[in-house]
Amino acid sequence: MLRRLSHRKSDQETVCGCMAGGAEQCTETGDGDSVIAISEAHFPAPFKEGLEYSSPARGIWNIVHTGMLIPESHQIFVCAEGCLRGVVLTAVEMNRMGRYSAIEVREQNVLTGGMEELMIDGVADVLGKLPYRPRAVLIFINCQHFFLAYDQDFVFDSLKKRFPDIDFVDCYMIPTLRKSGITPDQKMRMQMYELIRPQPFCENLINIIGTNRKVFADSEIYSIAESGGRQIVQIHDCSTYDEYQNMACAPLNIFVEPLAKNSAERLKERLGQQYMYLPTVFGYDRLDENYRKLAEYCGVKAPDTAPLRGEADAALDEAAELIGDTPIAVDYSFTFEILSFTRLLIEHGFNVREIYADGFAAEEEEDFRWLKENHPDILLSSCVRPQKRFADRHRDRKYLALGQKAAYFTGTDYFVNVVEGAGDEGLYYGYKGIVRIAELMREAFETPKDMKKLVQRKGRGCESLV
Amino acid sequence: MKQVAALVSTYSSDEFGICSALYELGGMVVMHDASGCNSTYTTHDEPRWYDMDSMIYISAISEMEAIMGDDEKLIRDVTETALELKPEFIALVGAPIPYMIGTDFAAVADIIEQNTGIACFGFEANGMQHYTRGVSMALEAVVSRFAVKGKTESTSGSSASAQEEAGRRKTVVNIIGATPLDFSLNGSMDSIKQWLSENGFEPGASIAMGCSLSDVAQAGEADLNLVVSYGGLAAARLLEKRFGTPYAVGIPMGTAFSEHLAGRLREAAAQHRSLTGYMDVSASGGIWIAAAGESVYQASLAAAAAMEQGISIRVLCPLDTDESLMRPGDMITPEEDDIMEAVRQNGCAGFIADPMYRPLCPDDVEFYELPHEAFSGRIYDSVNPNLINRPLAESFNDFRK
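The listed protein sequences derive, respectively, from chains A and B. Going by our numbering, 32 is the number at position 32 of the first sequence; the sequence numbering is gapless. Going by our numbering, 650 is the number at position 184 of the second sequence; the sequence numbering is gapless.
Wrong hints could be hidden among the right ones.
With a cut-off of at most 20 angstroms between alpha-carbon atoms, the simulated EDC-like pairs for lysine to aspartate or glutamate come out as follows [said to hold, decoys possible]:
| # | chain 1 | residue 1 | chain 2 | residue 2 |
| --- | --- | --- | --- | --- |
| 1 | A | 214 | A | 392 |
| 2 | A | 48 | B | 537 |
| 3 | B | 539 | A | 33 |
| 4 | A | 452 | B | 847 |
| 5 | A | 453 | B | 519 |
| 6 | A | 129 | B | 543 |
| 7 | A | 452 | B | 807 |
| 8 | A | 48 | B | 546 |
| 9 | B | 867 | B | 830 |
| 10 | B | 468 | A | 116 |
| 11 | B | 539 | B | 579 |
| 12 | A | 129 | B | 546 |
| 13 | A | 160 | A | 107 |
| 14 | B | 468 | A | 33 |
| 15 | B | 636 | B | 656 |
| 16 | A | 214 | A | 373 |
| 17 | A | 161 | A | 194 |
| 18 | A | 453 | B | 554 |
| 19 | A | 453 | B | 801 |
| 20 | A | 129 | B | 830 |
| 21 | B | 468 | A | 107 |
| 22 | A | 48 | B | 536 |
| 23 | A | 452 | B | 517 |
| 24 | A | 293 | A | 304 |
| 25 | A | 129 | B | 807 |
| 26 | B | 468 | A | 363 |
| 27 | B | 552 | A | 33 |
| 28 | A | 129 | B | 847 |
| 29 | A | 48 | B | 656 |
| 30 | B | 552 | A | 121 |
| 31 | A | 261 | A | 363 |
| 32 | B | 552 | B | 536 |
| 33 | B | 468 | A | 121 |
What the simulated footprint calls covered on chain A by chain B, stretch by stretch (three residues with Cβ under 8 angstroms from a Cβ of chain B suffice, anywhere in the stretch; the number is not a length) [as the list claims (entries may be wrong)]:
| # | region |
| --- | --- |
| 34 | 313-323 |
| 35 | 390-403 |
Bear in mind the hints are in silico, worked out from the structure with no lab data behind them. Using N, Cα and C, we set each Cβ at its ideal position, and we do this for glycine too.
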């Protein structure tokens, strides 16, 4: 029997191939049940692995939401009925059913094969029935295909020959891989740019790639780029397939989320675009380092961030004065480096009491140790352990939650509805992002929201029919 | 083309049917799946998820566990959690990947039952069948395992006093096959119970909405079973075989058909004979309306429309059903193309279906929206009508207009 390293040890999760029969258990998983003081917690995975619960907080994007960012594209999922159910209703709820179709894998396909024929004829049938002609088709296969050893090259080559006016790209709904190799989220961020064909570079363009939400307009990223005569382009700016193709013209891709690293590497290999990782962080020194790198690329002097730091500090202090010692809960879906953010809050006097997360990225280890040493009584709570089904979701006093899962588990209507670092205006990046989050904290503290309704909507920032 | 849904939604699958059927019974249900099944079911197919606790989990099977067939981890994780949470029973539910690797759920369930002393079911679902089959296999299994006691001596004996008491006692009627996938949470179940009471029956267990495992355990003590979906048929047949309890199929929609169905229930109870309550109701005429969805639901609607408005409705059933549930003229339509073809037939003047079916409706055919949770999920919850025992023209539509 294989034993594995626990998930979320790093962005690239590791499989340890020790065989049973005398092999040591290569686990770094903690033994906490579902709630544990951070002083007792293991890094990076504080909790046991096992059966998993799924809370009703649904704001995180999935592969359907992400794929819909490609303009003039159509999605076709080739899966079992049970797997299709979640994706079709994602498309329905985001009011994009017209850009979605399905080919259903049934028992006979598993038992007798014929997957290639099913896919080629099925895609042709779909395209014949659609009331419009998509420029690109995203074909999603699933875990079953990996066990069927079907000939993917044959399928895609055939489709490209049959429909030369349409671009096809292979996409993956492969949850069995979420704890090993390239995860489905990472893979989707790769495939969503795979259709882009090489073009001559325009030196004044810089892409930001791999974010589900557009970086919000006030971020310093834009002003630094502009000061060097550069224009930032994101997939969210592209309203046509041709504009999406023009992302090939940027000689540099910035990515701000760790999930996009493979995407950046692939684009470098395929299109020759260089890349730069400017992580979404909350430590001021790390932010300055991001801006120094960007400024250097743009050929301009690094910005003096003292005024920006002052603005962020003032906004946080103002929020802290209002919120006082009200207990705060945060969760991993709020932003990619939740411990960096937690530390920022604590350093500005906020009373963070609970962190909801089942694992942490490798980059967070320093913040984890800082919290462990300086605030050992902060509670870490799992979001997926089976006991969480019966967790007490009532608090005796007012709580402020940052993130949907924290709001759900603490049962508070006072929460900041930010998912993956983004609220209504987009991804809150940089000092201005911190200022905006501080403002949102004040608003959330003073004005309750309909938490039950809001957290159950899928894909924060997408249209929702729910 | 078969297996293609170019324009419409996809029905809920067998795994979710099992979860839905078992949701309120106090068990621990574990879908043997990597991820996605749990959030899909609890987001789209389970309107009780936010407000009613139930132990629905996934095993979080990984690629390597699948490749190596690591059943030990599943057994260990389920055993450990069950010993801590002490469910009334455990249900293991298959999914596409366990189907591919041939997981022996019966054997795994046996081991877990031995480990925990808790009844454990192994359901051979695979995510490639409809929810109707899942509901059916789950209800049949729990009834088979737990409903082992029939009518008590005092009510079933042959002595004069027993017969006298039985004569005074109201006929107890279980409702079998109820899940939110077919009935949403729009008050339909309460309305059916009220209708039973108004017609002199005593509502028994409502399997499995508003129902506990002890209610299921007493199911054999009822006089009659009312089957309200295909998913309840196998359990009703089992109770008939085990205890001789007859069943009647149908849902009391509209007013005239509700009255008619009450009569058929009395007939079934008196004659000790199972029957399909809408089979003797029809409307004639060259013009008809198609109704796509679950067979018992749509056939009951057809009976209500026929009796109340003289309208002929033909059922298009894309789901599992049984010959005994389909009326002459009803059609099995498993594919999108089948439905598209059916609603283009001569004489078809209207199409009743979930709103997600609208793209298949020709321009010259009237489309009547009737949300079905098992097809469109939660988005129409607030407008999903309760059609039970009330005039169709008020609760749904007047097709004569």
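A quick look at each hint next to the structure:
1. A:214 to A:392: violated (36 angstroms)
2. A:48 to B:537: With Cα atoms ~18 angstroms apart, residue 48 (chain A) and residue 537 (chain B) stay inside 20 angstroms; holds.
3. B:539 to A:33: Holds, at about 17 angstroms.
4. A:452 to B:847: holds (15 angstroms)
5. A:453 to B:519: Roughly 18 angstroms between the alpha carbons, so the hint for residue 453 (chain A) and residue 519 (chain B) holds.
6. A:129 to B:543: Given pair residue 129 (chain A), residue 543 (chain B) is violated - Cα atoms ~46 angstroms apart, limit 20 angstroms.
7. A:452 to B:807: violated (42 angstroms)
8. A:48 to B:546: holds (11 angstroms)
9. B:867 to B:830: At roughly 16 angstroms apart (the allowed maximum being 20 angstroms), residue 830 (chain B) and residue 867 (chain B) satisfy the hint.
10. B:468 to A:116: holds (15 angstroms)
11. B:539 to B:579: The hint holds at about 15 angstroms.
12. A:129 to B:546: With Cα atoms ~50 angstroms apart, residue 129 (chain A) and residue 546 (chain B) exceed 20 angstroms; violated.
13. A:160 to A:107: violated (28 angstroms)
14. B:468 to A:33: Outside the cut-off at roughly 47 angstroms; violated.
15. B:636 to B:656: Holds, because 19 angstroms separates the two Cα atoms, which is no more than 20 angstroms.
16. A:214 to A:373: violated (36 angstroms)
17. A:161 to A:194: Cα-Cα ~18 angstroms, so holds.
18. A:453 to B:554: Violated. Residue 453 (chain A) to residue 554 (chain B) sits at ~31 angstroms, over the 20 angstroms cutoff.
19. A:453 to B:801: violated (35 angstroms)
20. A:129 to B:830: OK: residue 129 (chain A) and residue 830 (chain B) at ~19 angstroms, within 20 angstroms.
21. B:468 to A:107: holds (13 angstroms)
22. A:48 to B:536: holds (17 angstroms)
23. A:452 to B:517: holds (10 angstroms)
24. A:293 to A:304: This hinted pair holds, its Cα atoms lying about 14 angstroms apart.
25. A:129 to B:807: holds (14 angstroms)
26. B:468 to A:363: Roughly 49 angstroms separates the two Cα atoms, so the pair is violated.
27. B:552 to A:33: holds (16 angstroms)
28. A:129 to B:847: Not satisfied, since the Cα-Cα distance of roughly 29 angstroms exceeds 20 angstroms.
29. A:48 to B:656: Status violated; Cα separation ~42 angstroms.
30. B:552 to A:121: Given pair residue 552 (chain B), residue 121 (chain A) is violated - Cα atoms ~50 angstroms apart, limit 20 angstroms.
31. A:261 to A:363: holds (14 angstroms)
32. B:552 to B:536: violated (24 angstroms)
33. B:468 to A:121: holds (10 angstroms)
34. 313-323: violated (count 0)
35. 390-403: Violated, because only 1 residues of the region 390-403 of chain A bring their Cβ atoms closer than 8 angstroms to Cβ atoms of chain B.
Hint check: violations occur at hints 1, 6, 7, 12, 13, 14, 16, 18, 19, 26, 28, 29, 30, 32, 34, 35; the rest are consistent with the structure.
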